[in-house]
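2 protein chains.
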Amino acid sequence: MAMPRLRIPVCVETGVWFALKRRLTESPISPISPPNNWSRPVVRAVRPQVDGGRRPAKTTVGDYVTVEADAFVDGHESLVCDVRARHATSGKWTSHRMQPLLDDRWRGSFPVAETGLYRFSVRARIDEFATWRDDLKERSSAGQDLTVELRVGADIVERAAARARAGQRRMLELLAESLRSSRSGLHQTVSPELATWAPGTPVSETLAGVLFGDLLGSVMGDLADPDTGTTSEVYGAFADVAKARFSSWYELFPRSTAEGAARHGTFTDVRRRLDYVEQMGFDVLYLPPIHPIGTTARKGREGAPRARKDEPGSPWAIGSPAGGHTAIHPELGTLADFRSLVSDALARGIDVAIDLAFQASPDHPWVREHPEWFKHRPDGTIRYAENPPKRYEDIYPFDFESQDWSALWLALRDVVSFWVEQGVRIFRVDNPHTKPFAFWDWLISSIRAGSPEVIFLSEAFTRPRVMEQLARIGFTQSYTYFTWRTSKWELETYLAELTCTDKADYFRPNLWPNTPDILSEELQTGGRPAFMARLVLAATLSSSYGIYGPAFELQEHLPRSKGSEEYQRSEKYEIRSWDLESPANLSAFIGLVNKIRRDHEALQFNDRLHFHPTDNDQLIAYSKVREDPEGNDVVLTIVNLDHHHTQSGWVTVDLDVVGFSGGVPYTAHDLLSDARFTWTAGSNFVSLDPLVVPCHILALKQEDNPSAVTVGAS
Amino acid sequence: MAMPRLRIPVCVETGVWFALKRRLTESPISPISPPNNWSRPVVRAVRPQVDGGRRPAKTTVGDYVTVEADAFVDGHESLVCDVRARHATSGKWTSHRMQPLLDDRWRGSFPVAETGLYRFSVRARIDEFATWRDDLKERSSAGQDLTVELRVGADIVERAAARARAGQRRMLELLAESLRSSRSGLHQTVSPELATWAPGTPVSETLAGVLFGDLLGSVMGDLADPDTGTTSEVYGAFADVAKARFSSWYELFPRSTAEGAARHGTFTDVRRRLDYVEQMGFDVLYLPPIHPIGTTARKGREGAPRARKDEPGSPWAIGSPAGGHTAIHPELGTLADFRSLVSDALARGIDVAIDLAFQASPDHPWVREHPEWFKHRPDGTIRYAENPPKRYEDIYPFDFESQDWSALWLALRDVVSFWVEQGVRIFRVDNPHTKPFAFWDWLISSIRAGSPEVIFLSEAFTRPRVMEQLARIGFTQSYTYFTWRTSKWELETYLAELTCTDKADYFRPNLWPNTPDILSEELQTGGRPAFMARLVLAATLSSSYGIYGPAFELQEHLPRSKGSEEYQRSEKYEIRSWDLESPANLSAFIGLVNKIRRDHEALQFNDRLHFHPTDNDQLIAYSKVREDPEGNDVVLTIVNLDHHHTQSGWVTVDLDVVGFSGGVPYTAHDLLSDARFTWTAGSNFVSLDPLVVPCHILALKQEDNPSAVTVGAS
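Chain order of the listed sequences is A and B. Sequential numbering of the first sequence, starting at 34, is according to this note's numbering. Sequential numbering of the second sequence, starting at 34, is according to this note's numbering.
Be careful, since some hints might not be right.
[Unchecked claim] Listed next, the in silico BS3-like pairs over lysine-lysine satisfying Cα-Cα at most 27 Å (straight line):
no., chain 1, residue 1, chain 2, residue 2
1, B, K628, A, K170
2, A, K423, A, K521
3, A, K170, B, K423
4, A, K408, A, K628
5, A, K408, A, K521
6, A, K734, A, K628
7, B, K605, B, K595
8, B, K595, B, K521
9, A, K408, B, K170
10, A, K628, A, K605
11, B, K521, B, K408
12, A, K605, A, K342
13, B, K605, B, K423
14, B, K536, A, K536
15, B, K170, A, K423
Hints were generated in silico from the structure; no laboratory data involved.
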């Protein structure tokens, strides 16, 4: 009862148990026939794999996706494993050979050339030739007769020849012939043509020389029988523009940009501010909501329940008779002014990011036009925002589950599309965790299907699983707990979680030392050293970071009240006039740090962040590495976490991580002070005075060892 | 453009991204409509989940399956989460309330009553009532007017009443009425009927008393709107018989059971040996292959390449003119004798396990009848087993990929079915890692579809990923690296991997201090203390363990040669006569250890294994706990790992793990020596002399605290 085995390469993982499950429910037990397709290798535990493959991992154009998998086979045969990848719009799979790590784990990668979805899978094939060759070596060493085994090898090579392209085929046929006719075993001389396949010089003329050469091994690996292969399920990686990975954000309130007198700033004032922003080296200029502000229950200075006359209100109370989410607050200017700002900024490489705050003031046109988009209480009133017992009467949340929900969703999608049409490619999303995940999932998918370059930053300061889920369903970048992670232990464990775990496959951190909502205790009390240290930490720990200015660079540090994280005279509720000429202004320092980020590719990625030991808990030291054939880029940052005292200690750089050899000194060039130190293996002394500069950002270079060193992932 | 939202409870995880993926390939980009079904809660990261849910986790009858999941929702609403479970043959789902742990993780469990596949999922619903009640408390504390909010609550209760069964409905309707008519707010007196719903005594007569009672919270949780729910995908757990989890194996060679003179032992001799096996407390008697042994290239004493005349050969060289895998080796007796042995053993609660060694001697009938089931070399000979340069000429492996593979697979399945029909329910599978995974997957599914009680033990001493995969695809129990884990650090890390990681969901360890193939260095050199210590470690670290006897209990310790793990005069190649009356025999000690295992349920599970600190690296200490309403079973084992010297030290029992309170002393009753110690919180002194007994197996009891204490999982 011969049953031909269908040679369909499938994942052996899926078939049989499901068959059993079906049986157990559908029919009484009876003998089950063997599966009609199967293959011997197992491929599993593929990474990156977000939500079991239901979601794409994140990558960016210009990067590569590193893929790992467990691959193994019964018995002792060798495997050859490849990553197979293709862009979703391309029909053609490319293959990329993987290398074995420990314990049947394999690693390979594929390059990312354009935005959009890439698909990839891992294929393992049995390398019959490598297996045979290894065995042959053992048999030969043991002095066994090889006659029959060489004929076995000839058959293997002949079958591979049939799969090869013409040039290779000729060589393989010669080899098969040579194996079949061999009388003096492995020492037999081969034809001069075949001998050119041997490795090294002089050309090896024996069968052994050809057979055990790397070239033949590689060729035969490529030609391994696809019928012996198992291919994993197909996973996805969504390629964003590079700015999704490497970005420097600057937030300001446009209404506070008027120079001199405290009049209401305009987009024209913001355009004048672009030089300043560019000099500091930022490439995203994020504006809080620019829409008309409601007057009903408008909040006053310092968040007072009711505004006095002429107080401007919170920009997050969106909507007035002048319009809603697609309108411009009249005092800021016109839509044309906004477009001019966007294009002026873009000309400098700066993206203007706007705020998506999906909520309405009681004066929003939709309150009248679409009362069904809001929640009503039994007394007929619309339910305002609350966090009982706190009330936010100037804000009406939308009801994402109303009878008319899909019309609301479409209207909100149209809001985003509108701004994309105005040239906005980056959105900072306000409180996404208070709207349904399914809404964001759909909205982001929908926008990015047509505009894959659009970036969404999730402003969710909430529970960890919720923040992760927002990233998983599509948010490009995410705010983090960085603001509250201050000790060495906190920073090391949190950044390790963000960069070294599976979370790094989908969650892109954007570190903010301050926001209009958060003036951290450290900045309140730490003075200039705290501002410098927190900036350097944010800018070197993470490839994306941001500050809320000019409050940050002007070292604004007074809280509304003791124990509060609210700013005194918060710009959320009033117009501020900032003295950029103040000697307190840290803009030059910030500009230098951002220049270092641009000059050093290592700081533009997070995948190779590694913390190095120091003998002083107030000194934190970490490196980032970017491999490059012309010399790896290695940046070591050391920060004094004590804002009040000089701290000294010994830093032990893990040379394996930075790819240096132990015997040779290396240069540590401080990119902030331009000082140069000669360091050696073991511990090196560091002393950082917070009153000068509380940080080193050191470019490390081992001169005797300038070429690229392939180093293991940290 | 109102689009009704389909209220199909689905996992929101799956829909949208796949829709996008399809779009990207199938059609040009265009606006995408909102999803047509979605729900707000997210349920993910369900555990147990083997291979992303493609495989069932393992459980046993009489146990319960503990299920965990992340469940959360946007906003601040409360959730109510349930495990929903059903046996595959039952249409009815049962619900089991989950409890919140930290960080949006939930845990619940369902009981396992019969063998076969259980399906389970996790459902999270929004608990509108609990959310409203929490908010009400805040509003009330802040002195806000509650009039409208009580009407909101009345609506919630009324909607729940419509879903309630009659008795509850009446109460809920009364409550809704009371909420709606409340004039004096929460202090209003309720009707006497409704007041009975209040918690505690005296019966609370106010609206607040009823409203904030646990009973109402629980009832309203059960009645939470199913339309707000998200249900995870359905996962599986396969329930084995209890012996799959808790088993004590004894292996012997039947041909060595003849008493007195060195004649060939028979099944009748084995039946005589049953008293002995039963007295030692074993419940699985495992016999190496019992089939006819080939004569071609038969191996001789000490594994010599050729047997001399009258040497019996290896039982793993299966097949002779007398038959193959369904035949009995003539010198052992008849099939009827075997069946008598099986039924005599079963009458004592002992299962006879046989060996599935799927390979053939050159004399196996299939070599003649089915030459296509074997691999042939170019010279026409059949390929014997090899591990180049080693040769095993007495063994032909099957070719599981031959042109006629499915007939071979079916024939091998028929072999298993044949022995199941003879009453065999347990199979020890020889070298499963040298046969295709797909074969075992199919074979085990196929057999267990009809006979879910059958147990397969995987004898794979190979790479970790391969051993895991065999367990994942269906092997009930697995051999481990225990034999080579000897130091405290090795034992602690390895057992933690086996019992505390996801591996525990599918990999059931069976610990063997020795096997006919492995006489460990420790047993060679450690004397009687080594045999006692290794036995106690195996028997108390794992709910399943086994020994190869009588070699083990007679302390057989001589290797074939220095540095070898092979036994001198291995029973694999010759018949041995064992002197069970020897004073060296440890059978009484073994019987005591197995009795302790039977008496203490804690030792019959692995899920609550916890290692406690000691200040001496030669002393290892660990507890197992089984919760019981009538008093938890707590067993603490301490073993001296130094077989040559008395070791003393301080053991610090982690009281949280065993569920004891710190202020009260507790009794440690040594079940081996019957000694009783009074221990207290903190460190307790222990001294173990290997020449006496190198272990304590202590039953811990806190007399002032005899009732069950619910303690956290270790």
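Do the hints match the structure? See the list:
no.: 1; hint: B:K628 <-> A:K170; result: violated (53 Å)
no.: 2; hint: A:K423 <-> A:K521; result: violated (35 Å)
no.: 3; hint: A:K170 <-> B:K423; result: holds (13 Å)
no.: 4; hint: A:K408 <-> A:K628; result: violated (49 Å)
no.: 5; hint: A:K408 <-> A:K521; result: violated (46 Å)
no.: 6; hint: A:K734 <-> A:K628; result: holds (19 Å)
no.: 7; hint: B:K605 <-> B:K595; result: holds (19 Å)
no.: 8; hint: B:K595 <-> B:K521; result: holds (26 Å)
no.: 9; hint: A:K408 <-> B:K170; result: holds (21 Å)
no.: 10; hint: A:K628 <-> A:K605; result: violated (30 Å)
no.: 11; hint: B:K521 <-> B:K408; result: violated (46 Å)
no.: 12; hint: A:K605 <-> A:K342; result: holds (16 Å)
no.: 13; hint: B:K605 <-> B:K423; result: holds (18 Å)
no.: 14; hint: B:K536 <-> A:K536; result: holds (21 Å)
no.: 15; hint: B:K170 <-> A:K423; result: holds (13 Å)
Checked against the numbered hints given earlier, the structure breaks hints 1, 2, 4, 5, 10, 11 and satisfies all the rest.
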